Amino acid sequence: MAHMYFNSVKFVFFFVAVYSGYLLLSFRLQNLLLLAASYFFYASWNWKFLSLILISTCVDYVAGLGIERVTSQIAKRRILMVSLVANLGLLAVFKYYNFFIDSLLSLTGSMGIELSAPALQVILPVGISFYTFQTLSYTIDIYRGELKATKNFLDFALFVAYFPQLVAGPIERASVLLPQLATPRIIKQRHVEVGSWLILSGYFFKCVLSDNLAPFVKQVFETPDKSHGAEVLVGFYAAAFQIYGDFAGYSRIARGISMLMGIDLMQNFNRPYFAENPSDFWRRWHISLSTWLRDYLYIPLGGNRGSRWATYRNLLLTMLLGGLWHGAAWHFVAWGAFHGIALGIHRFLFIDHGRHPKPHNRQMQIWKIVLFFHFTCVGWLIFFIPKLGDLPILWNQLVHSWEWNGLDGFLTIVVFGVPVLLVEWWAERNNATYAVLAWRPSLRLTMYVITLAALILCGSPESEEFIYFQF
Numbered sequence: 000m001a002h003m004y005f006n007s008v009k010f011v012f013f014f015v016a017v018y019s020g021y022l023l024l025s026f027r028l029q030n031l032l033l034l035a036a037s038y039f040f041y042a043s044w045n046w047k048f049l050s051l052i053l054i055s056t057c058v059d060y061v062a063g064l065g066i067e068r069v070t071s072q073i074a075k076r077r078i079l080m081v082s083l084v085a086n087l088g089l090l091a092v093f094k095y096y097n098f099f100i101d102s103l104l105s106l107t108g109s110m111g112i113e114l115s116a117p118a119l120q121v122i123l124p125v126g127i128s129f130y131t132f133q134t135l136s137y138t139i140d141i142y143r144g145e146l147k148a149t150k151n152f153l154d155f156a157l158f159v160a161y162f163p164q165l166v167a168g169p170i171e172r173a174s175v176l177l178p179q180l181a182t183p184r185i186i187k188q189r190h191v192e193v194g195s196w197l198i199l200s201g202y203f204f205k206c207v208l209s210d211n212l213a214p215f216v217k218q219v220f221e222t223p224d225k226s227h228g229a230e231v232l233v234g235f236y237a238a239a240f241q242i243y244g245d246f247a248g249y250s251r252i253a254r255g256i257s258m259l260m261g262i263d264l265m266q267n268f269n270r271p272y273f274a275e276n277p278s279d280f281w282r283r284w285h286i287s288l289s290t291w292l293r294d295y296l297y298i299p300l301g302g303n304r305g306s307r308w309a310t311y312r313n314l315l316l317t318m319l320l321g322g323l324w325h326g327a328a329w330h331f332v333a334w335g336a337f338h339g340i341a342l343g344i345h346r347f348l349f350i351d352h353g354r355h356p357k358p359h360n361r362q363m364q365i366w367k368i369v370l371f372f373h374f375t376c377v378g379w380l381i382f383f384i385p386k387l388g389d390l391p392i393l394w395n396q397l398v399h400s401w402e403w404n405g406l407d408g409f410l411t412i413v414v415f416g417v418p419v420l421l422v423e424w425w426a427e428r429n430n431a432t433y434a435v436l437a438w439r440p441s442l443r444l445t446m447y448v449i450t451l452a453a454l455i456l457c458g459s460p461e462s463e464e465f466i467y468f469q470f
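Numbering (numbering that gives the first Met the number 0), first residue to last: 0 to 470.
Everything labelled a hint here was simulated from the structure, so no lab data went into it.
Any given hint could turn out to be false.
To be verified - Derived lysine-lysine pairs resembling DSS-like cross-links, with alpha carbons at most 30 angstroms apart:
no., residue 1, residue 2
1, K9, K75
2, K75, K94
3, K9, K47
Quantities reported herein were computed from a predicted structural model and do not represent experimental measurements.
All chains, please: the whole structure from these sequences, using the hints.
What follows is the structure, given as structure tokens:
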């Protein structure tokens, strides 16, 4: 069975068939159809991975009921531990075992100690980091007394496996998504309008902006010694636009598909490249992950309730684990450390020592946005580079090997990336959630036509896998 990426023809036919049936069925049959479709969708990668989702589903369904029924706090904690061990154990084995074993053997080898350990020949199950965090939040919320356990197994199974957001988020909270799955949905005109625009713009983000930049970014970061200075410079910006187009594109499509079915998923991006500082960035980028890390890791570690240095430690630990969540590789850990240190420095300068920036005019705000955007781009260098040791090579090529190449990547940014930023800047200035939908009908129709034409005429002929599918 072929993989069903959102940007594949197979998925388009799949969704048309599912949506047609969805509109014809009653509420309970709709949920049954969505669950069957979700399992079919996930099985298109590897049907064996369905067993992992079913294990997580059954463990946390039973754990949720158990935590709610027992009265002893010790018993509640023991049941929660079963959920944590089962879910994190699966994640550790399939995603992190080989990474930690290889790192340990490298460390002991450098000390002259030769050890051996078996490597596991496993394939990373797509989306395991996303649905593991989603289902864990369910049992933790019940343990905290913030959520009632659901009695309906079908609703809970659909909450875990709901196909639009199964493999790359958003990481939904049970308190928000489960009530929408447990009650009949009414599809209104607003759902169709917003959903259609999210899908269309999402495909533009992915197929036109991100996929056209992907080969160029891959070339620069995977073969840095063969990239000339201009290519490295363009790649510095291209990486930022590629990952934003890719991940924001996926999130838009997922939200749009759900909106057409009367289900509202959380907004995962809020114009992140207009952030003015690290804290602002993480309120805008991958919001479902940053809020999850805040609520289930940073605050339980102590948050900002202890000393200043304890707060800096908590920020760094949270971002280190956030980086590791993205992938079992040291460059992801380094990327997390990069942002953790930035958050700590920002807090040290502007919160703990009261150096609140003075009110600034529009020009000053633009400068802060531009400067922090470049800071973010430096982070993307760390994120994209497969080997941290290649960073000096990139710098050397940028400084000493200057030839004007990389025009294709530059033109893609100018022609498609800059207009995206201009539209988002208008939305930022006017506090509009959906910029285009706030425009008058004639202008809105024009934007629809332009976006569709760009998708047809300029979409990349090569269908690239979504970056966050590997996490």
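Hint by hint, here is what the structure shows:
As the CA atoms of K9 and K75 are separated by approximately 45 angstroms, the hinted pair breaks the 30 angstroms bound. Between the alpha carbons of K75 and K94 the distance comes to roughly 28 angstroms, so the proposed pair stays at or under 30 angstroms and holds. Only pairs whose Cα atoms come within 30 angstroms are accepted, and K9 paired with K47 is accepted, the gap being roughly 21 angstroms.
Hint compliance for this structure: hint 1 alone is broken.
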